[in-house]
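Protein chains: 4
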Amino acid sequence: MANSIGKNVILTLFGESHGSAVGVVLDGMSPGIAVSEDFIAGQLSKRRPQGATETARVESDNFQIVSGVFNGYTTGAPICIIIPNENVKSSDYDKNFGIVRPSHADYTAHVKYCGFEDYRGGGHFSGRITAGIVAAGAIAIKALENKGIKINTDILRSGDATTDADITDRILNAKNEQDSVGGVVQTVITGVEAGVGEPWFDSLEGVIANAVFSIGGVKGIEFGAGFKFADMKGSQANDAFCINDGKIQTKTNNNGGINGGISNGMPIVFNTAVKPTPSISQPQQSVDFIKGEETTLEIKGRHDPAIIRRICIVISSLVAVVLCDMLACKAGAEALK
Amino acid sequence: MANSIGKNVILTLFGESHGSAVGVVLDGMSPGIAVSEDFIAGQLSKRRPQGATETARVESDNFQIVSGVFNGYTTGAPICIIIPNENVKSSDYDKNFGIVRPSHADYTAHVKYCGFEDYRGGGHFSGRITAGIVAAGAIAIKALENKGIKINTDILRSGDATTDADITDRILNAKNEQDSVGGVVQTVITGVEAGVGEPWFDSLEGVIANAVFSIGGVKGIEFGAGFKFADMKGSQANDAFCINDGKIQTKTNNNGGINGGISNGMPIVFNTAVKPTPSISQPQQSVDFIKGEETTLEIKGRHDPAIIRRICIVISSLVAVVLCDMLACKAGAEALK
Amino acid sequence: MANSIGKNVILTLFGESHGSAVGVVLDGMSPGIAVSEDFIAGQLSKRRPQGATETARVESDNFQIVSGVFNGYTTGAPICIIIPNENVKSSDYDKNFGIVRPSHADYTAHVKYCGFEDYRGGGHFSGRITAGIVAAGAIAIKALENKGIKINTDILRSGDATTDADITDRILNAKNEQDSVGGVVQTVITGVEAGVGEPWFDSLEGVIANAVFSIGGVKGIEFGAGFKFADMKGSQANDAFCINDGKIQTKTNNNGGINGGISNGMPIVFNTAVKPTPSISQPQQSVDFIKGEETTLEIKGRHDPAIIRRICIVISSLVAVVLCDMLACKAGAEALK
Amino acid sequence: MANSIGKNVILTLFGESHGSAVGVVLDGMSPGIAVSEDFIAGQLSKRRPQGATETARVESDNFQIVSGVFNGYTTGAPICIIIPNENVKSSDYDKNFGIVRPSHADYTAHVKYCGFEDYRGGGHFSGRITAGIVAAGAIAIKALENKGIKINTDILRSGDATTDADITDRILNAKNEQDSVGGVVQTVITGVEAGVGEPWFDSLEGVIANAVFSIGGVKGIEFGAGFKFADMKGSQANDAFCINDGKIQTKTNNNGGINGGISNGMPIVFNTAVKPTPSISQPQQSVDFIKGEETTLEIKGRHDPAIIRRICIVISSLVAVVLCDMLACKAGAEALK
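Chains as they are written, first to last, in the numbering used here: chain L, 727 to 1063; chain E, 727 to 1063; chain D, 727 to 1063; chain G, 727 to 1063.
Isolated chain L, as found in the complex:
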């Protein structure tokens, strides 16, 4: 539902890039989950820009837990976390008002919100809002760890970019050319037992995809062999069942741990395609919707030449929340047995 996701565990986002704060409400978490402010701070630090490959806008992310945590544990009531915005330079945006940034949400937000949108720094569409996802996700990640579930997202290395240094080089080269780069990141979730997920419209693939596409810059997702299935035959693609240590497993994992939208006990694996950051310093052709004419845009501001590093913790955090919801849905579906 627009700024909220989930049925039993519900995350709601609010805030704008250049407003006083961004934040999140996480509702439906069970009572009694230990909450560590240090862990949340550590997770937020993974989202923060670090070094030359990312934007110079750095926030301290001095979050405040407003509600829902008492004596170090979740109470079961909604958890609100506020993260003040500090390092804001709105003047960069005001002077370009009316000139829409290509491949950003400026134009679509302007049409949708009839000119009342907070346009500064992308407003409510800014990547800044994902800080709330990471803060809430930290609590979800801890809850999942208690259940033996771990989530990790990392840049998928392929072709001529097989080391971390290769990736840094690629990003810095683009930055030097006043350009940006995209990439693919891979998420692996281990420890999910078989039977999580719902048929049809709450399929694990569907709810994860819906979540991940909310993150700015994501333009594709594939589970297991994904688009490679297109060139495979059934005899190659099918994951044969076997018994290992008394447990039913599959010999291969082309389905990425999901059959019929429901986990089969194998690791859940998916890849996310991330487009190059739209904010580049090169002059770009655009339109000034106030003057109603074509124009050339030069974006100043402070921007990431790539978000494929910062997006990893955002994906893991959001998927953790979604997975908590799916576990709660599973419990709900079994309540009347």
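Since the hints were derived computationally from the structure, they do not count as laboratory data. Please read all numbers here as calculations on a predicted model, not as lab measurements. Some clues are possibly wrong.
Note that identical chains are pooled: a pair holds if it fits in a single copy or bridges any two copies.
Only pairs whose alpha carbons sit at most 30 Å apart, straight line, appear in this in silico DSSO-like list of lysine-lysine [stated by the list, open to error]:
{"no.": "1", "residue 1": "Lys901", "residue 2": "Lys973"}
{"no.": "2", "residue 1": "Lys954", "residue 2": "Lys1063"}
{"no.": "3", "residue 1": "Lys977", "residue 2": "Lys901"}
{"no.": "4", "residue 1": "Lys1063", "residue 2": "Lys973"}
{"no.": "5", "residue 1": "Lys1063", "residue 2": "Lys1017"}
{"no.": "6", "residue 1": "Lys973", "residue 2": "Lys954"}
{"no.": "7", "residue 1": "Lys772", "residue 2": "Lys977"}
{"no.": "8", "residue 1": "Lys772", "residue 2": "Lys973"}
Assemble chains E, D and G onto chain L, guided by the hints.
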């Protein structure tokens, strides 16, 4: 919500492959939309298996509109459509009960539903259920056409399969080898004005992805350039704005018509990755969960060597329903202006 | 959501009074609940008009379970039940089309649905639709009985109507005067453990009230002492806690088993105010919205002089479904402990 | 959904009585609604305790609009408002921990949240949380005023309490006796056109009832003649239609402006029963759930001898939000015409 999708326009699926009927409830459609039973029948015929490339189980799909249509128009009340199952051979399944078909939902359904699932022919996970999607989608497609919106899904031709005959050859070759094939299908939606879609968790990409992943066999989706973005730079990827005939458009459409989750007025374009049909006649290694031992499975039954033809109308139909919902959400978001 | 209610256990209604059938989809029931067609039939018979105090339109209610039940047990997939309409006399309605029946939904439905509504016999607003509630409720009632929960609704006897014969007299007197009567019915639910219900907008009172107000003719609801609280002092109203057989209970039950929206382990008690059936045979002043003029309406058709007997099973059935949902929500809220 | 209400316009509450702040997220309001901080402050002042008839805990309610408002107008993005808690005396509660206050949520919250609840001052169940409702409601009330809709809630005067002074006397008498009183408040909504509300589970009565029952102390609601219908005949109860100034109206308004769950254009009228404040200074019998024994409780703290004055603005505010949602649902339902 599991078997329901949508907020203002809500589709609910029910039925099993070998039960008495499958069906759908479509709620929230505006009153006054003309409903043609002939058009629905025509849409259902596109989903039906046709010829040697598809399964020999053919249904007449003699649907009945139970409610919500009066004097040829939608009333605004929920529309229930029932499609009886006719050509059912359950005996094919009974003798293999306990032996799970690789890459199908048999095992995960068995775990989730604790052994109470209707296992015959995939039960509630069967592609048969998509008949309800097509029937409801026919009404949604007509409603969209009234608004100038058209949806088409077709097999994406690439590599050495550039003609329809190439694709038929590829499928028949697999069939002859007792095998199956996957593929990629492309959906193009024209006529959607700018401003449709909601921020974050009701992004156009997210809601379409959630819908499409509900369809059995779908393992990936990408919008616009999708996974190709990974190898692009921002200067190549960004869609420059221009003015054509007084309208703001983009020169390229790498973003597939969507920025920030909201339509920008360009055609909406996405690709769906479909895995090879898991049901193949070759012997496969599997597990018998009753005996608790590994075994070899030979699937008899009647199956599609590929679903990439039949899935096209299902995707278009489901996306039509989802798009009706997004138009309703847009109207709701503007109600208080 | 209009024709659907519930979060984890979801009931969806469809059908019109003079269409081919009415029906229901009940989704989210756990797998493994025994389903008895005889029990459903028995419940439906309690809703059917019986004898001189009720309408002469009698349906056989030959329902069909279309999906979701296999080998006598729920499968966990959505349960669709269809109940054909048989004894339909649409001609009674056609000749009065345009003349709205006072205190019925004719006028509001006409405005809301822009003239496309199925106006025959109240269409989708007819009490006939509650047959679906009773059919689905029968399954919910059995599921609750397995948990030790029982629901009963009966006419609240007061003043000079303290026996069943008194009530029959009152109804028949009204019938003889071509009139109708209202009344109050009381629902008592036993066996609900403490801790069921959610804070704020899923309070037990709120969800039950929302459900019960969906039933045509309901105009008031009160829990425990309800409107009598207005004349009480806190020292009289408060339910003192005590310990009985090692269990925490309250000495009185003015709160009707609910504190802060959550069950406290005492019986849940609420009263529902039902207005007199609007369909009376006396001439009434009304309006013909086609001619745009005032007119006198004489309702022929077949109608109940009172629905306070028939509504009891409808309330119990609907509350059973809602309570199943609340139990599922409770399980969901505890899933991550 | 527990702490959220609404489908297109969604209000989410968070906070505890003795935490750092309470607050609200209001999502789905159209862009372009003028927001006056002075008006919000004025509405909050109506909720604040005033004078001898109410609690001595007085908050300044220095709210902060965190998001969703830009240059004095709603942007269409979620509006978060934070209201810090200032005048908190937690020590009053700590010493009684374990002893549940009769007719409060202490016991049910303890069971539901397994001992992890923030028990201080009622925690998340405190009336303090309604400050967020009033703040969000102020924006909704202004949006409705732009549409010609006005909402007013006032104490229903009856019997020997027909003046404001009578009511003050009644409350002060109870206070002097270390006791409290309940009452009935009446809400009247004017300016709602015919056709607002949805069939069955989004009936106007149902959604309003669900909202109003969320407020602590509410135990009954009736629309129009409500429980008086029980003693009426149809010929008395039915609201005859007539034409006034070319508009279809009813001569009486026993149905409180609602037929079939949908507004008929007449004023919407409902009464809410409010129980006496459970917190009284007299010794009460209770239970200490830590010691597992009966005990006598003496509540110190600062409490309202009646909430029937303060609750009026809370009901009006919450109903305003709900009505905004129903208008948005109506627009959604008509989107495809």
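Hints and how they fare:
1. For the homomeric pair Lys901 and Lys973, neither the shortest alpha-carbon distance inside one copy (50 Å) nor that between copies (33 Å) is at most 30 Å.
2. Taking the closest pair of Cα atoms, Lys954 and Lys1063 never come within 30 Å of each other, the shortest separation being 40 Å inside a single copy and 39 Å across copies.
3. For the homomeric pair Lys977 and Lys901, the shortest alpha-carbon distance between copies (24 Å) is at most 30 Å, but the shortest distance inside one copy (43 Å) is not.
4. Proximity of Lys1063 to Lys973 under the C-alpha cut-off of 30 Å is found in both arrangements, the shortest distances being 24 Å within a copy and 25 Å between copies.
5. Taking the closest pair of Cα atoms, Lys1063 and Lys1017 come within 30 Å of each other only across two copies (25 Å); inside a single copy the shortest separation is 64 Å, beyond that limit.
6. Taking the shortest Cα distances, Lys973 and Lys954 sit within 30 Å of each other inside one copy (28 Å), while across copies they are farther apart (39 Å).
7. In this homomeric assembly, Lys772 and Lys977 never come within 30 Å of each other (Cα to Cα): the closest approach is 35 Å inside a single copy and 36 Å across copies.
8. For the homomeric pair Lys772 and Lys973, neither the shortest alpha-carbon distance inside one copy (36 Å) nor that between copies (42 Å) is at most 30 Å.
Violated hints, listed in ascending order, are 1, 2, 7, 8; each of the other numbered hints is respected by the structure.
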